[in-house]
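Participant: In case you want the letters, here they are:
2 protein chains.
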Amino acid sequence: MKRTLIAGLLAAVALPTAAHAGQAPSTDTLVDNVHGETIGADGQVEPVIGLLFDRSGVIRQVFHPGDKLPRKGFGYHVDGQGQVILPGLIDAHVHVMELGLAALTLDLSATRSLPEALDAIRAYAAAHPDRTWITGRGWNQEQWGLKDSRGQSRYPTAAELDSVVGDRPVWLERVDGHAGWANSAALKAAGITAATKAPDGGAIDRRPDGTPAGVLVDAAMGLLTPRLPAPRAADRDAALAKAQSLLFQRGVTAVADMGTSIEDWQAYRRAGDKNQLYVRIMAYAMGIDQMALIAGGEPTPWLYADRLRMGGVKLFMDGALGSRGAWLKAPYADAPGTRGLPRMTDTQLGNLMSRAAMDNFQVAVHAIGDAANAAVLASIDDLSATYKGDRRWRVEHAQIVDPADIARFGRNGVIASMQPVHETSDRVMAEARLGPQRLAGAYAWASIAKAGARLAFGSDAPVEAPDPFAGIAAAISRQGPDGQPDGGWQPQEKVTPAQALAAYTTGGAYAGFAEGRFGRLAPGLRADFILVDTDPLTATPDAIRHTRVRETWVGGGKVWPADAENPPADKNGNQKG
Amino acid sequence: MKRTLIAGLLAAVALPTAAHAGQAPSTDTLVDNVHGETIGADGQVEPVIGLLFDRSGVIRQVFHPGDKLPRKGFGYHVDGQGQVILPGLIDAHVHVMELGLAALTLDLSATRSLPEALDAIRAYAAAHPDRTWITGRGWNQEQWGLKDSRGQSRYPTAAELDSVVGDRPVWLERVDGHAGWANSAALKAAGITAATKAPDGGAIDRRPDGTPAGVLVDAAMGLLTPRLPAPRAADRDAALAKAQSLLFQRGVTAVADMGTSIEDWQAYRRAGDKNQLYVRIMAYAMGIDQMALIAGGEPTPWLYADRLRMGGVKLFMDGALGSRGAWLKAPYADAPGTRGLPRMTDTQLGNLMSRAAMDNFQVAVHAIGDAANAAVLASIDDLSATYKGDRRWRVEHAQIVDPADIARFGRNGVIASMQPVHETSDRVMAEARLGPQRLAGAYAWASIAKAGARLAFGSDAPVEAPDPFAGIAAAISRQGPDGQPDGGWQPQEKVTPAQALAAYTTGGAYAGFAEGRFGRLAPGLRADFILVDTDPLTATPDAIRHTRVRETWVGGGKVWPADAENPPADKNGNQKG
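Going line by line, the protein sequences match chains A and B. Residue 222 in UniProt numbering sits at position 222 of the first sequence; the count goes up by one each step and never skips. Residue 262 in UniProt numbering sits at position 262 of the second sequence; the count goes up by one each step and never skips.
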């Protein structure tokens, strides 16, 4: 984007510089030559052709088609060059720190041979002399064509790793997460020797003499992983910076952090204290104890100009579908001996929810299986009689719901915090786990919305990429990036483009009690907006998925790209060329 | 104090109100009709007759005798009514949270009979329905004249406590801390029955049938105290408010918090986030792990307009003299079989100090005994070769120093953080523990200062009252409140009034890397000052001890009394009528 100063105001204007990245210009700013839309307070789509915001980063005026744009009264000008303007997108379910930490480890997924991988490992270790362990993921010996002397596929070895990193332990997970490759220092740190037996469900790759060769498979990974060092404060600080960059690249300006630990919180505060917290984080504590430790007897105020608040707690009613930890009403179709397990009793759930609610914390409960969803809805019914007022009980995932329970989402002001991409990623697995009879209530966005629940969409990053455009595309098509299945999976649960945009903007803000602060382009709200090349309300799912985010602004400050003239080439980003 | 508005500016001036306690007026403020002094940047005493500070609470001008005071250019006026002005005092060694928590429990020390105590207990329990345990201290059955049927002195009983509080456990420590009085619910919570044996060094008061009667003595207290609930966040918030009030009442505007836990830190931040943190807290983390958790990879910035910073870590080299935990070079005079114990090896100390110093944290090490002080000084010598620059290694207490080691305090920029009142409280005990030969290096303020160490004085509250005037009186007289001993104990170690004032102002600021922010009355520094009725540089020790603090101001905002027209009658305060 090209930005021009209004003549004559030059002397009075302090321009954003590299030292002030993310800060609003010290004058009123006009954004024009854009077309796009916001969801209004009434839930309707409102076309937008320009914005005026003040030096505190608050929107003063929004211009609609037919409005006359001002020619003076502002000191800074952003020419949108005809791009699409949207409110900054909100990802209602992210694990901020895990997203950043995962992105900072060594990624071997692009390596095509063992020598190439070894080069990458050596270079990474040399670039990170302060790390006591080198960790990473993504290798695939099949992709490398790795063979033993008899021409059989083989695993890489500790000795091969030792040849590039001998001074520190190294631990690299296979692309599917079902095996890990250790060097000798890592095996030694874990005490794994010829005498070590593999646990049930695991295997230790061995040399002919029985000594461990380097790779640990499945349950045997657990012999080593407890030895991995916890992230240090500096790692967390770097991870937060990385996570912010990844979010901004895809137009996300605010997130709900679903399971904030004290260590996470301290990293957010350190960034805030140094004016390096740009993304807006609505934090939900990882359990009651962390909630009380972090926030004390009530939710924190909004901190750092609405960039951080702990307003609630995250609880878990069950596990995940893939590992059959989700709690179902009837047995798994592909494992008739089990229907999963609740992580706690109904009484325990009620007690924890009550403990949070009595101090006015919001409650967000992870519920994947239909039994878990029913239990959480029942608990909300119970508690709503005691804890009245605007509680906004959140069900996280609400993935598999008994159709008979869907109407219950319309009661008590429940928020359904759902992740559209999970549907496209998991549908084959979900069909296997559930069988054909239970699919009607699976990822049932449209039905749950129709029942009256408020939708808030998110990614569950780093489980999926933090990409709301992929989410919108999935939400309106119920098709994966490959366009499959034709016509969409359980297509009756598609939502409209406007519903999807709302779930990624006003829905996410409402879900975090932030609707008076951000989530819309409207006077009095924070100037969080993005400029993109594709209008999600009119484009095809495929075009939406390939949306190019040109600029991301938070609170009137441009946070991405860091330098418009020199967009950073970040290999971990999703930016299309 | 009477305050007058400059005529004509009325409309423009926002006065401090109850809702804005502790905030600077929204205009420049002149303080005049005062006489007093500050320690200058050069360490010399500078007389002061007035101050001008701006709306951000920063001093613009300091007026000295002979200066003409301005008649305009300010919007708010504080008439000091001829009182003595001093910089806000700095207590360089406080346990902020413990001070507040102790002050919030039930205080029975003024009760004159068992019925009076029972009334107080009943009333306190009724006033605190949310507390799961009722705790307190200060009872004395001798003072109550409590007798059994044969006229013998007896302890109070659980049954007597049950008669006023039966719904919750109650635990009340005796005035000397050597016994505790439990009700039946507390005994039950601790599982103490007729079958419970008293541990070595302890006793359980019993009924004729062998069941516990209610009082546990010495080591037997340990059967119950682990059951006491940890303070909740709300308790800590209340404790911080209470601690601030106690500090302000005695003219303390800044403290070093010597051993900050994450729970403490979160309470400080909650107060800061709500604009309820008024006192300046220089926090030293309780050990390396808390340091890394709270501050991360480097000291925090100064937060909340210089009211909070974590700049260092607190470590412990030994214990205390009274319990013979202090580590001495030669055996205790009154226990020749022991010379105390170090809490860690020299190597461990060096490693921990190094771990902190490499991330630029300041190190403060508790050292009471002469062996502990020697070990810490040796470690500082070692580390100073590696960690160069302005490190300000702190020795906390520096209580008993081998005269041969005193000169070592003059090297490496060491700060001696000492507590004058410990000398007057402990001298009889110290003589018993040390014998006559080792007193020359005991509480040796003057010698340590002469060696070149920077003195920073404090109270160790709640071990002693957080009262710098008591400290100054002790420092210049080496006499207790009773004027004993005549001429002062080891009188060669008295300091001058100016040295004492410096150690409670500029010394405390320097010890916390805050000398550019507060600690003096000087342009550019925070307007932290107090108005008192006694000049510590000219008054007798007895008069200094009875100093009446008229007003306490932090950052240009009056923080005490809350309402000048209605000074609060706080029974826990030290304010003299």
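Quick caveat, the hints were computed from the structure, so don't treat them as lab data. Keep in mind that the hints are not guaranteed to be accurate.
Any copy will do: because identical chains look the same in the list, a pair fits if it lies in one copy or spans two.
[As the list claims (entries may be wrong)] As a list, the in silico SDA-like pairs of lysine to any residue whose alpha-carbon atoms are at most 20 Å apart: (1) K147 x S113; (2) K388 x W144; (3) K274 x A305; (4) K68 x V463; (5) K388 x D273; (6) K242 x T135; (7) K274 x N33; (8) K274 x D359.
Participant: Tell me, please, which holds for K147 and S113 at an alpha-carbon limit of 20 Å: within, between, both or neither?
Facilitator: This pair counts as within: shortest intra-copy Cα distance 11 Å, inter-copy 90 Å.
Participant: Indicate which option fits the pair K274, D359 if close means a Cα-Cα distance not exceeding 20 Å: within, between, both or neither.
Facilitator: Close across copies (17 Å), not inside one copy (30 Å); limit 20 Å.
Participant: Is it within, between, both or neither when you check K274 against A305 at 20 Å Cα-Cα?
Facilitator: both (13 Å within a copy, 14 Å between copies)
Participant: Between copies, within a copy, both or neither: which fits K388 and W144 at Cα up to 20 Å?
Facilitator: neither (60 Å within a copy, 50 Å between copies)
Participant: Give the relationship of K242 and T135 under a CA distance limit of 20 Å: within one copy only, between copies only, both, or neither.
Facilitator: Answer is within: at 17 Å inside a copy they meet the 20 Å cutoff, but 48 Å across does not.
Participant: At most 20 Å between alpha carbons: which applies to K68 and V463, within, between, both or neither?
Facilitator: neither (45 Å within a copy, 71 Å between copies)
Participant: Between the shortest in-copy and the shortest cross-copy C-alpha distance, which are at most 20 Å for K388 and D273: within, between, both, or neither?
Facilitator: Classified as neither; 36 Å inside a copy, 27 Å across copies.
Participant: My question is about K274 and N33: at a cut-off of 20 Å on alpha-carbon distance, are they close within one copy, between copies, both, or neither?
Facilitator: Answer is neither: 34 Å inside a copy and 41 Å across each miss the 20 Å cutoff.
Checked against the numbered hints above, the structure breaks hints 2, 4, 5, 7 and satisfies the rest.
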